[in-house]
Amino acid sequence: MFNYNFRWNQALNSLPRMLEGALVTMEIALLSMAIGVSVAILLTLCRLSGNRILSAIATTWVEIARNTPALFQIYMAHFGLGGFGIHLSPYVSLLIGIAFNNAGYLAENFRGALKAIPETQTRAGRSLGLSQLQAFRHIILPQMLRIAFLPMTNQMVWAILMTSLGAVVAMNTDLYGVTSDLNARTFRTFELFAIAAVIFYVITKAITLSARLIAARLFRY
Amino acid sequence: MKTPLFAFGLAVGVAFAGAAQADKLDDVISSGTLRCAVVLDFPPMGSRDADNKPIGFDVDYCEDLAKALGVKAEVVETTFPERIPALMSGRVDVAVASTSDTLERAKTVGFSIPYYAFENAVVAGSRAEGVASFEDLKGKTVGATAGTYEAIWLEERVKEWGSGTFRPYQNQADVFLALSQGQLDATVSTVEVAEANVKSGKFAGIRIVDKAPMVPDYVALITLREEYGMINYLNLFVNQQVRTGRYVELYKKWVSETGEPANLTINGVYR
Chain A
1 MFNYNFRWNQ ALNSLPRMLE GALVTMEIAL LSMAIGVSVA ILLTLCRLSG NRILSAIATT
61 WVEIARNTPA LFQIYMAHFG LGGFGIHLSP YVSLLIGIAF NNAGYLAENF RGALKAIPET
121 QTRAGRSLGL SQLQAFRHII LPQMLRIAFL PMTNQMVWAI LMTSLGAVVA MNTDLYGVTS
181 DLNARTFRTF ELFAIAAVIF YVITKAITLS ARLIAARLFR Y
Chain B
222 MKTPLFAFGL AVGVAFAGAA QADKLDDVIS SGTLRCAVVL DFPPMGSRDA DNKPIGFDVD
282 YCEDLAKALG VKAEVVETTF PERIPALMSG RVDVAVASTS DTLERAKTVG FSIPYYAFEN
342 AVVAGSRAEG VASFEDLKGK TVGATAGTYE AIWLEERVKE WGSGTFRPYQ NQADVFLALS
402 QGQLDATVST VEVAEANVKS GKFAGIRIVD KAPMVPDYVA LITLREEYGM INYLNLFVNQ
462 QVRTGRYVEL YKKWVSETGE PANLTINGVY R
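These protein sequences, in sequence, are chains A and B.
Here the first sequence is numbered in this note's numbering, starting from 1 and rising by one per residue.
Here the second sequence is numbered in this note's numbering, starting from 222 and rising by one per residue.
One thing to keep in mind: the hints can contain errors.
So these bits of chain B aren't anywhere near chain A, every CB distance computed over 12 Å [as the list claims (entries may be wrong)]:
1. Thr254
2. Pro265
3. Pro275
4. Thr323
5. Pro335
6. Glu340
7. Tyr370
8. Asp395
9. Val436
10. Leu457
11. Phe458
12. Ala483
13. Val490
Result set (SDA-like, lysine to any residue): computed pairs, CA atoms no more than 20 Å apart in a straight line [stated by the list, open to error]:
14. B:Lys380 / A:Thr173
15. B:Lys380 / B:Ala394
16. B:Lys328 / A:Trp8
17. B:Lys328 / A:Gln10
18. B:Lys432 / B:Ser347
19. B:Lys361 / B:Pro335
20. B:Lys380 / A:Trp8
21. B:Lys380 / A:Arg185
22. B:Lys328 / A:Asn13
23. B:Lys380 / A:Leu12
24. B:Lys423 / A:Glu20
25. B:Lys328 / A:Leu12
26. B:Lys361 / A:Ile86
By construction, these hints were calculated from the structure, which means they are not laboratory data.
Idealized CB from N, CA, C, for every residue including glycine.
So here's chain A without its partners, still in its complex pose:
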């Protein structure tokens, strides 16, 4: 039996605050993707380098990022580092936690994309006089990013949804944080979370649609 009368007045009054929260959520997701993609490229380079230590570091990173919950990673960025006297604000902890997770997943995506590019291309580049790094930069990287583009949008959607985990590190300005704060004050749980769900849906839908448009423009043959 669901014994509940939906009353939207209080929840709708808080819509402006929730939309502000949605902006913060998008900001964190975008920043975390920018950091995540850069780090993932570095990790991919480390793995390609043939250097034992570098590739061990990259593998460890990917293993931890992919095989532990994002919640744990964010918690560790705040309380784990806090134990060593490194104090990050909730915003930075959340950003670092998600960026760490993004980098791990994207590095795996990039590895898959690399497999789809024939190795002979690097050798062809080298034989034309390019250095290893130049061959990677001019021949491999653009193709890799193209192949991994849709998985990257996937990760972006994931990043948006992961911002809701910021609550464990006392984040209260993102969409989830604002919603749960309003909930504590008004107890209008179902209305508030229904609105939050719609906002999340609209954001992620907008991301996948615009990614498709961008892909159509960028990757015309």
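Starting from the structure of chain A, add chain B where the hints point.
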């Protein structure tokens, strides 16, 4: 022939219509079980003993209420934010969960009269050497358990001051962890919780420095807003708990053997 049948049908119909109007109070009595939402990471009001059984002031209070109703008590563990969904989705009948009776919340749920009141203390962490009173928190990084009365109050103060930061952590343990790590300068928590945590020795470097200058945090039993029958019963029940001395007894059992429980009446006004 047809008329008696019709009359019979009408009578049955009326009887069922009557049954359909049974309210929460009737439902609880006829089901034989009272399901209470209790928060179990909030000692001494609610926690678990060594055998993982729910114990605490709120647990006993729920059992007393069930006894008064002549039914069995069933404690359903919830977190603070989960209390309302549990109530609304019909998983519990009432919440005996130290719920602060704010006017904002009363727009959504039905409150009884207060059954307990908390005083709050300012607790400073390892990083905040200079904090000696509440006024010293101005401009500092402070935090409290998300969704509690003291968290809402403290956030308002930080906004008023226009400086400093407020951080709502998800649970009591995280607040005190952040405090002992030095991520927070101070927190405001109920005197009961503050004393228990300082005494436990689990959190190095924390200390109680001051009483928080706020209106006592009166907490009430809650049920659905429209369940007047139940609310009425709860009001009388709280009154009886105090009248019979059970309130003092529970206070001495769970909170403090030497202290005095808070006065639940307010001078100069009826309710």
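query: What hint numbers does the structure not satisfy?
result: Hints 4, 7, 8, 15, 19, 20, 23, 24 are the ones this structure does not satisfy, whereas the remaining hints hold.
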